[in-house]
Amino acid sequence: MQNIATIFHDILNSFESGDTLLALKRMMDKAKDTGNSKLIQNSIDLSAFYKNEMSRNEYFANQNKEPFTTLLKEIEQFACDIQHIAGDLLLQVDSIDKNYKGFSLHNISFEIKRSEVIGVVGANGNGKTTLLQCISGDNAIDGGAIHYYFLDSFSYYNVKNKIAYIPQRIPRWYGSLKDNLCFSATGIGIFGEQNILDVNFILERMDLASYANHTWEELSSGYRTRFEIARVLLKRPSVLILDEPLANLDILAQQTLLSDLKFICQSIANPIGIVLSSQQLYEVEKIADKIILLKHGKEVSIQQNADDYTCVIEIETKTEKHILETILQNKQVNISYDGNYYTLSSKQLDTKSLIDYLSQQGIDINYYRNITHSTKRYF
Amino acid sequence: MKKYLPNFLQKFDQYLLTHFPDFWSTQLHWVIIGSIPITLFIGFISTLDVSGLEFYIGFISLISFIFWITRLLRFNYFKQFGRIHFFHALVQFLCFFCTVSIFTLWIVTPTLVKYFKYNMHTVQKDVDRMNELYCILERDSLPKEWPLNKIIIYTHNSNYYKRERSKIINGEEIPIEYATYGYKRYEKDSLQKIDDSTFYMYSNNIYSAYTFNKNGYEYRYGEGENNDWQINSNKRSALFQKYIVERQVPNKPNSVFTSELENYFTKYQIEDEELWGYDDYSKSLGNRLNWKYHGREANDVFARIAQSHSEIANILSTVVFYPWYIVSVFLALCIFIYRHCTRKVFIWTWVGYAIMTIFNLFASILFRDGMVFLYLGFVYIVMYFIGVLVMLFARKANFISLLCLNYFTFCIPTLPAQLMFEKNSNWFFDQHGAHSLQMVLIGFVLLLISLVGAIGPLYKSFYAMPSR
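As they're listed, the protein sequences go chains A and B. Mapping the first sequence onto my numbering, position 84 (from 1) lands on 155, and the numbers just tick up by one. Mapping the second sequence onto my numbering, position 439 (from 1) lands on 1003, and the numbers just tick up by one.
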């Protein structure tokens, strides 16, 4: 966990280097951490102001840094008093089993701590959704135990109150987006002015402010996902579970969402644990602190298998497989081809050496990725 | 749609949303606001005595109810797993009950309007006066001698009265004061109030004409012809005296009385329409009066008025209260249950209900006893209770237990009435309905207590349980 000064320094750097939107979001998160209504309101207003001006003049933020830096300093002063509560154990999944319609989830164990992101990956039909539903209390477990450390007393209603589960197919809602958000916020006892402040904050933070009065039909699937995340975040959950949240998003939206999730879970005052499943392996791996790979309902131990090869890379080239095999025959490199990419695995070479060697041999590589520590290898 | 509303209403809505979300989600505030102009409109229309009004109002109620349901289903505080306060289930049910009550009360509005528009005392007085006017105008047609041995006395507390009054209006039990004018004047020719407890009427049957009636009057059984209830001849004479005085030949021209009669026709909007049943004209004095003085139309108008008064008078008993109460509680419970269980369980609740009803019918036919329904009802209640208990120890949501909880919730308001019915099968049809009203109210209170103490917490616990 970074200290407060470093965090604020990073935010300022982001702003000065032109990542204005990112800096605004992080500034808002920190304002929220302070719990000071005035600062939160100011951060909302400032964010809206910059976004509005930047829509007219792209370089506005570079030319007007003072409002941002002034507010950031104010927030920093308040933030110094915030107590870090990251790292607490939230939830422990202890050797759970689940049999459902001929499918079996067997002996899954892991822990979730505050500020931690856990990625659940695996091919379709390998138990990702079943596992998430077991954690969220939608599925009963047949064996093992799930310990919810954030609950004072166990009841499934309390579990569902404190765990926010966003299914892959987001249920339809009615009425305006803002009414729904206000309504959700009241669910945990946020009433009156505080309710409106929280809703305005989340609307601005999730870039939904201009859609406040929109209905379900008027939103794209990407914004529906954003709305759902905004809705559950208003309920201040301890654990946020997302089933394939990236499925309906374009590349840019995926990046934005993942960075949002990362920053939200790393809140200083209200850090939460996040569990998300996805087929976008590389994207998830970028933000996840831990990856759980499921295969046929069982957890695959990544560490144990990863010892086999020192280097595994994925490349895309127009060179034919037999030419690659000829070039690499003396290097003891295992080559596999899935129709799109070649996967090269070596016990002798490291990534740099392997890429250098291929370049020296005149192989034209369009794309490459080091997947030595990625779960992609096990698909 | 909200954006088209005045700003203060939008602010009010926003205030309720951010302060009382469970109340706001029921949309009761919009129902109350919307019902004010609609009720006023219905009230205004009701004063015009439009025929078939109840049908149109029923249609408006239905449309409003459906519209409200579509709005209601938008937000559900319970299913969002928010913080549920102790009285949540009670508040939700009461909101649903109030809303449904408003829609069902619209249907009763014409009755209420008529009640206030036509004061019963005035109507009674007018009817009496019209009868007198008929008698004055037709004085030459009236018999000169009263057959004193043909006077019949009806009393409120006699079995005979109960039997007799049940014949009055399609088998419904209507006190004699509220018998339709049609009965009073057309069927029995006329029933005229002499004082607070005395009526006299003349019949269109020449052989039993001039039947007199007195509430709680002294009577004896078994005297006179045809075992009629006979009045003590001394008191009977006193009744005639008044009538005879009134039917003395007046000292004013007939045109004065005709004009007065016309005023009554105007007051009660009695139309000058072609009369049917002309063939009856020659048969009796009553029919002649009807034909000549628009008696049939008057009958219809006064029948409606009298019926309205009858309904109001019995509003806490059989005619209005029970249907209104049963429909309102039933619909409110349906909505409450739908809002607190899954759609699948809700649908299967009705499928199961249909299956049980068919089974009960077969059982009734098999045992040739209608009481089988009641006995099976008790068996079911015990089964539902056990089913609910099973769920308390279950690891995941049990479909059958959820059905049992739904059925049990439906049964709670009827439990006291069922128990009393079992104790005394005749009890429910007690003439005053006092016991049944008590049991219905006890059932309602029991439901409210259960919502707080048992039903609410059970739904909260059951709905959140894993479904698989």
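No wet-lab data here; the hints were simulated from the structure. Keep in mind that a hint or two might mislead.
Claimed, not checked - Under the rule of at most 25 Å between Cα atoms (straight-line distance), these lysine-lysine pairs were calculated in the DSS-like manner:
(1) A:Lys249 x B:Lys908
(2) A:Lys109 x A:Lys144
(3) B:Lys567 x A:Lys249
(4) B:Lys960 x B:Lys908
(5) A:Lys249 x B:Lys643
(6) A:Lys109 x B:Lys575
(7) B:Lys567 x A:Lys172
(8) B:Lys908 x A:Lys172
(9) A:Lys392 x A:Lys418
(10) A:Lys369 x B:Lys960
(11) B:Lys908 x B:Lys567
Now for the hints, and whether the structure bears them out:
1. A:Lys249 x B:Lys908: 29 Å, violated
2. A:Lys109 x A:Lys144: Satisfied, since the Cα-Cα distance of roughly 14 Å is no more than 25 Å.
3. B:Lys567 x A:Lys249: 13 Å, holds
4. B:Lys960 x B:Lys908: Judged against 25 Å, a Cα distance of about 16 Å means the pair holds.
5. A:Lys249 x B:Lys643: The given pair, whose Cα atoms are some 18 Å apart, holds under the 25 Å limit.
6. A:Lys109 x B:Lys575: 23 Å, holds
7. B:Lys567 x A:Lys172: 48 Å, violated
8. B:Lys908 x A:Lys172: Since the Cα atoms of B:Lys908 and A:Lys172 sit roughly 19 Å apart, the hinted pair holds (cutoff 25 Å).
9. A:Lys392 x A:Lys418: 20 Å, holds
10. A:Lys369 x B:Lys960: Judged against 25 Å, a Cα distance of about 23 Å means the pair holds.
11. B:Lys908 x B:Lys567: Violated: B:Lys908 and B:Lys567 sit about 35 Å apart, past 25 Å.
Checked against the numbered hints given earlier, the structure breaks hints 1, 7 and 11 and satisfies all the rest.
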